[in-house]
Structures are given as structure tokens and as C-alpha cells.
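Number of protein chains: 2
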Amino acid sequence: MSQSAKRIVLASRPEGEPKPGNFRLEEYPVPTPGEGQLLLRTIWLSLDPYMRGRMSDGPSYSAPVPIDGVMEGGTVAEVVASNNPGFAKGDIVLAHSGWQQYGLSDGKGLRKVDPKIAPISTAVGVLGMPGMTAYTGLLEIGKPKAGETVVVAAASGAVGSAVGQIAKIKGARAVGIAGGKDKCDYVKNELGFDDCLDHRDPDLKAKLKDACPKGIDVYFENVGGKVFDTVFPLLNPFARIPVCGLIADYNTIFGKDTPTPPWANSIMRAILVKRLTFRGFIVSDFAAMFPDFIRDMPQWLKEGKLKHKEFVTEGIESAPEAFMGLLKGANFGKQLVRVGPDKV
Amino acid sequence: MSQSAKRIVLASRPEGEPKPGNFRLEEYPVPTPGEGQLLLRTIWLSLDPYMRGRMSDGPSYSAPVPIDGVMEGGTVAEVVASNNPGFAKGDIVLAHSGWQQYGLSDGKGLRKVDPKIAPISTAVGVLGMPGMTAYTGLLEIGKPKAGETVVVAAASGAVGSAVGQIAKIKGARAVGIAGGKDKCDYVKNELGFDDCLDHRDPDLKAKLKDACPKGIDVYFENVGGKVFDTVFPLLNPFARIPVCGLIADYNTIFGKDTPTPPWANSIMRAILVKRLTFRGFIVSDFAAMFPDFIRDMPQWLKEGKLKHKEFVTEGIESAPEAFMGLLKGANFGKQLVRVGPDKV
Chain P
1 MSQSAKRIVL ASRPEGEPKP GNFRLEEYPV PTPGEGQLLL RTIWLSLDPY
51 MRGRMSDGPS YSAPVPIDGV MEGGTVAEVV ASNNPGFAKG DIVLAHSGWQ
101 QYGLSDGKGL RKVDPKIAPI STAVGVLGMP GMTAYTGLLE IGKPKAGETV
151 VVAAASGAVG SAVGQIAKIK GARAVGIAGG KDKCDYVKNE LGFDDCLDHR
201 DPDLKAKLKD ACPKGIDVYF ENVGGKVFDT VFPLLNPFAR IPVCGLIADY
251 NTIFGKDTPT PPWANSIMRA ILVKRLTFRG FIVSDFAAMF PDFIRDMPQW
301 LKEGKLKHKE FVTEGIESAP EAFMGLLKGA NFGKQLVRVG PDKV
Chain A
1 MSQSAKRIVL ASRPEGEPKP GNFRLEEYPV PTPGEGQLLL RTIWLSLDPY
51 MRGRMSDGPS YSAPVPIDGV MEGGTVAEVV ASNNPGFAKG DIVLAHSGWQ
101 QYGLSDGKGL RKVDPKIAPI STAVGVLGMP GMTAYTGLLE IGKPKAGETV
151 VVAAASGAVG SAVGQIAKIK GARAVGIAGG KDKCDYVKNE LGFDDCLDHR
201 DPDLKAKLKD ACPKGIDVYF ENVGGKVFDT VFPLLNPFAR IPVCGLIADY
251 NTIFGKDTPT PPWANSIMRA ILVKRLTFRG FIVSDFAAMF PDFIRDMPQW
301 LKEGKLKHKE FVTEGIESAP EAFMGLLKGA NFGKQLVRVG PDKV
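Chains as they are written, first to last, in full-length UniProt numbering: chain P, 1 to 344; chain A, 1 to 344.
Hints are supplied without guarantee of correctness; some may be wrong.
Identical chains blur together in the list; that is why a pair holds if it fits in one copy or across any two.
[Claimed, not checked] When the alpha-carbon atoms are kept at most 25 Å apart in a straight line, the in silico DSS-like pairs for lysine-lysine are as follows:
(1) Lys188 - Lys143
(2) Lys89 - Lys188
(3) Lys274 - Lys188
(4) Lys274 - Lys226
(5) Lys143 - Lys274
(6) Lys145 - Lys302
(7) Lys181 - Lys205
(8) Lys188 - Lys170
(9) Lys181 - Lys209
(10) Lys328 - Lys207
(11) Lys226 - Lys112
(12) Lys214 - Lys112
(13) Lys188 - Lys168
(14) Lys207 - Lys343
No lab work stands behind these hints, which were simulated from the structure alone.
From just these sequences and the hints, can you work out the full model?
See the structure below:
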């Protein structure tokens, strides 16, 4: 094939907030699969906050995207040509082929997606990495008991929405924090959280206290910043804090302007006196829980106990702006880029 | 009995470092046990860092000692009179009768001490609360694996010395931190730690790095302060940090002069990126592990795998000064006050 395709590469590393100039749209020839390889056509590209980390070259659990490298990302793709006996033309797979229309793979790490279980886009959403992040972090670290209070921010997002709904399934009180009235209404009325507060509300502190009359037993930490500052004094003895993201801090963490958090002088004392557990994780740490996850979550979806919402932009060209928006909470639901049609 | 006895009460709450004026020596009549009560004669009083917390009235896991109240503390005592069928005159018990020569008890929470297993003073030391703090926090939270590196401060003290020796028993590398050459020599040569560093050494940072060439997998946190600042950057991915004390910070925590720690802006990021676990605990959280503890520790003592050292001052009058010294590391081994003779 000598057809041309489009991709987004990292043009330069951002200082603080990513800017359009940190990305570059490129045309490139659709590659031809070699021996054992297959050619993937991207249908859905998932945009996730962790990608902000990959744009910087500080120490992290993963190598950064190199300058001029294709931006990293999970995708749902169609196998359009295969020299690999494990995959046939027409297979739909979960891949990590990045911000591009076509990519090569040797088949490693690919997982076939069964379109009969749920729409294929859910393989990068509620039935994929974000859903499993919520499931594993909440159940393995947070361990909510019936009657306890679970707080999660970005509550209308891919991870947060699942955290609160799973907390409800386990009999806990779920309190969300989200940006704006529409998202909060959705979280309460559609997702069934017990309450949801707007993080921009100047009275957030008092309102969170009211929403958690028995304190906070589990705080699923995926945002950091002011939300954590507000949650911190309300943590109960023996509270568990799974930490899987700090989206509000990514730009300052990777930038230079880092104000001292208000809990700096008391966090170790609180850990001691309240017997708190803070534990960082990424979803791959709990790979062994995948069979449980893939048993429970589709079942809960089917039973209507677990709802999800997608926020879709069109075309690979839209990815940088959509990603910059995601970091500011401009999305309402799981952020996806529709890179190509389901079938061609 | 109208005999008179001595006790130490809390005269006032300290600001920062406790001063002699915060304590008061009192005489009081030896009380007479009522129905169901027994009279305890203190033989050994244990002095432990947690008592600093009880002198202040900030929020904690326990109520503070009231002003003019007897200072709290674990004791090994003789039952000298008993109206309680569970205890006989002459029994030796582990009690929590405080900084006084005689006290009453209704028998609740007392545990009989068998002088045949080990010297009775060990019931407040290596076979008591400090030993169990080390055993439970290290094994239940720290979970050291063979070949991993465990770091503990106050390494010649009651808790630290047990932590490092249990780490060795489990096949880990044990690195201690202690105050001064004598303590470090003891920790290395007598207790068998792989290394021990002086926290006053201006090169502590570089030396700790050298002593932990593969980084730190478990940091048993019982001191806080500069030691934690130094340990923090060396923590490995998936490191576990049981937090049971912050002795170096007690005076600033409970005082007013609290400098911002150097890790304030990076601790949450480190928890996330390195997948760290911080968990606070007190020994009673792991009461269910007592049978394991009391099976393993006396056995290890007998086999010579577990050594301990006591640092004894004489007479209840010596308790305040001994306690103030303990907070500064003036003790060398488990701090005890010999309040009375074994048998009278």
C-alpha cells in the first residue's frame, strides 16, 4: 500500500500545560506488515490523563514518548492485513498503537475484542483500562465496606464514574466531585451517586463535610490538587487512599510552579495518628484481577448497575485539542477520538 | 495500708520539648483495693516515645493524660493484694498502671507474666509492646522478602533493634540508623545488621545510598524528621513504609515551629509513580497476631537470633529525666525505670 495516513507526534516537551505547538500532525505512508506482523487500522483512540506524564522525561514508571515519536495511546483497531497466524483480517483488537490512523504490530499485547459483549469502544473505557483501574484500585486497596463513605473526583469521567458505581454496588455511600452543574446532575441522577459536588464551588469544603457526615473512609485519588486538600482533613481513622492519578497536579508537577500543599506538615502525622493507608498503583499491578473484572463488569453493565458515557471528537486531527481539554475537564464522559469508521 | 507512695503527674502541657516543670513528683497514700480490685506494686515502668503524644491534647488515637493526672505507661507489676478471683497475691502481671509505685486495677487488660520464659522486664520490651510493634508492622505491612533492603532508625532502641533482626531472620538486608558510634557498633556487631549509620553524620545521605546499593524496599518509620527526608529519595518502586512513630517530629508537631519538609511537593507523586504504600498503625491494630508473636519471638530469643538491650534508671523519681532523654536518644537500649525490687 502506498496510501498516506495521518498521525500526531510529540513536537516538543511542554513546560506546565501542554500547548498546540507541543504536537505536530504528520502524514506518513501506510506501512506494510513484515513477517509475523499485522497492520492495524485505528477505529477508536482513547485519551487518558496518564499521557501527560509520557510527554515529560522526568522519572516515571514508563519511558517518555521520544521527541518526534508518535503519541502513545490505547486504541481499538481493525486488523486490515495479517502475516500473523494469531490474527485474521477483520479481527477487532485492543491495541496500544497510539495517535495514528495505521500502525504495525507483532501481535504481542493485543487482545481480541468481542463486539457481541458490548460496543467495541468500551474496550478502552468501562471494560478497558479506565474501568479496570476503578475496579482494582477500589476493591483491592480501597476495600469499601457497606455503610462506609467513598469519595472520588472526576466523577463523571471514565475512572471516577466506575469507582462510585462500584462503591454503590458494594453498599457504600458514594460522593462524587466534578466540574460544573451538568456533570454533577449526571453523576447524581444518572449514575446514582448519593451526592456530587462542584469542585469550583467556593463552599466546597463545607459542602463536602455535609455530604460526608460520617467522614471519608475511602478516597480514590485520581486528581490531587485542591480536591485532595479538601478531602484530607475529613479522612477517617483507617481510611484507605488508592492513588492512581494526580491530574490537577500534572502541569505543576512537570512544570516549575509548585506551591507547598496545605497538608505538607501534617500528612505523616495523619498517617500515623489516623492509621491511614496511602498506596499508589497502576492498573497493570493488578493484572491478576482481570478474570474477576471481566466477569463482574459486563454483568453489571447488563444489569444496568453500571452506566457509562462517552465524549467523542472526530478525526485524528482533533486529538491534541481534545487531550488539552481533557486535562482541564472539558470532556463530559470518557474521552475518545473516532479515528476511523467501524468497518470499511 | 496507710503507707505513702510516689508518683509522677502531668503538671502542664509542654510546648515543643518537654521540660522538668511539665512533670510533678507527688506523694500519695497507697490505695486499698475494693471489691473485685487488686493492688499492683510497680516493678518496671516502660518509657516509650508515644507518651509524648499523651502529654498534648491535640487529636490522636488516645485521649491525653489530664493535667494533674498520673503519667500513662506500661508496667510490670506484682499483685500485692487481690480481691479478684483471677489474680493471686504474688502474681507478676503486665499492666498499664503508669508512672507510680502502686496502683489499683479491676483486672481488665492485665496479662500474667511467666518469669520462666524470660526476665519479666521483657514483657514491656522485646516480648511486649515494642517487640510486637516491630513484629507486626514489619511482617504485616513491610512484608520484607529475602534479598530486599529494610531500613530502620533508632536501630539500637526497643523497636528498631527488633525490626532489623527480624528482617535478617526473613533473609533481608538490614540497615540501621542510630545516634553515635557506640550505638552503631552495637547494631552492627552485636545485633548483626548489615550496616548502621550515624544520623548525625553530615554525609548521611551519601552513606545511606552506599549502604543501600539496591535502594530501599521497606522503611520502618519510627522517627520521621531528617531520617525520613534522607530515606525518601531512595525508596524503590513498590516500597512499603509502616509508620508507627515520628519521634523526631513530636516536639515540632506538638509545638509551633514546623518547617516544611523537603518532600512536601513530591510525596503524592512518589506514591503514584513508585507505587508506594504508606500505612500508619499502632500495635493494638494487630492484636490478632499476638499468638504468632508469642510463638516466634521467645523462640528466636532462645536461639540467639534476637538480642535486646535494656537501659535502666533507678526509682520513679528518675522517670521524667529518663523520658526527656529518651526523646533525644540519650538511652542506649530499651528505656526502663526500675521502680521497685522484683520481690519484697
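Against the structure, the hints:
1. In this assembly of identical chains, the alpha carbons of lysine 188 and lysine 143 lie at most 25 Å apart only when taken from the same copy (22 Å versus 41 Å across copies).
2. Taking the closest pair of Cα atoms, lysine 89 and lysine 188 never come within 25 Å of each other, the shortest separation being 43 Å inside a single copy and 65 Å across copies.
3. For a Cα distance limit of 25 Å, the shortest separation of lysine 274 from lysine 188 qualifies neither inside one copy, at 30 Å, nor across copies, at 34 Å.
4. Taking the shortest Cα distances, lysine 274 and lysine 226 sit within 25 Å of each other both inside one copy (21 Å) and across copies (22 Å).
5. Within a single copy, lysine 143 and lysine 274 get their C-alpha atoms as close as 17 Å, and across copies as close as 21 Å, so both meet the 25 Å cut-off.
6. Taking CA atoms no more than 25 Å apart as the test, lysine 145 paired with lysine 302 passes inside one copy only; the shortest distance there is 24 Å, against 42 Å between copies.
7. In this homomeric assembly, lysine 181 and lysine 205 come within 25 Å of each other (Cα to Cα) only inside a single copy, at 17 Å, whereas the closest approach across copies is 50 Å.
8. Taking identical chains as interchangeable, the C-alpha atoms of lysine 188 and lysine 170 lie at most 25 Å apart only when both belong to the same chain, with a minimum of 17 Å there against 50 Å between chains.
9. Taking the shortest alpha-carbon separations for lysine 181 and lysine 209, only the intra-copy value of 19 Å comes in at or below 25 Å, while the best inter-copy value is 51 Å.
10. Taking CA atoms no more than 25 Å apart as the test, lysine 328 paired with lysine 207 passes inside one copy only; the shortest distance there is 22 Å, against 43 Å between copies.
11. Proximity of lysine 226 and lysine 112 under a CA criterion of 25 Å is satisfied in neither setting, with 40 Å inside one chain copy and 51 Å between copies.
12. In this assembly of identical chains, lysine 214 and lysine 112 lie within 25 Å of each other by CA distance neither inside one copy nor across copies; the values are 44 Å within and 39 Å between.
13. Within a single copy, lysine 188 and lysine 168 get their C-alpha atoms as close as 12 Å, which meets the 25 Å cut-off; across copies the closest is 53 Å, which misses it.
14. Taking identical chains as interchangeable, the C-alpha atoms of lysine 207 and lysine 343 are never at most 25 Å apart, the minima being 48 Å within one chain and 62 Å between chains.
Of the numbered hints stated above, those contradicted by the structure are hints 2, 3, 11, 12, 14, listed in ascending order.
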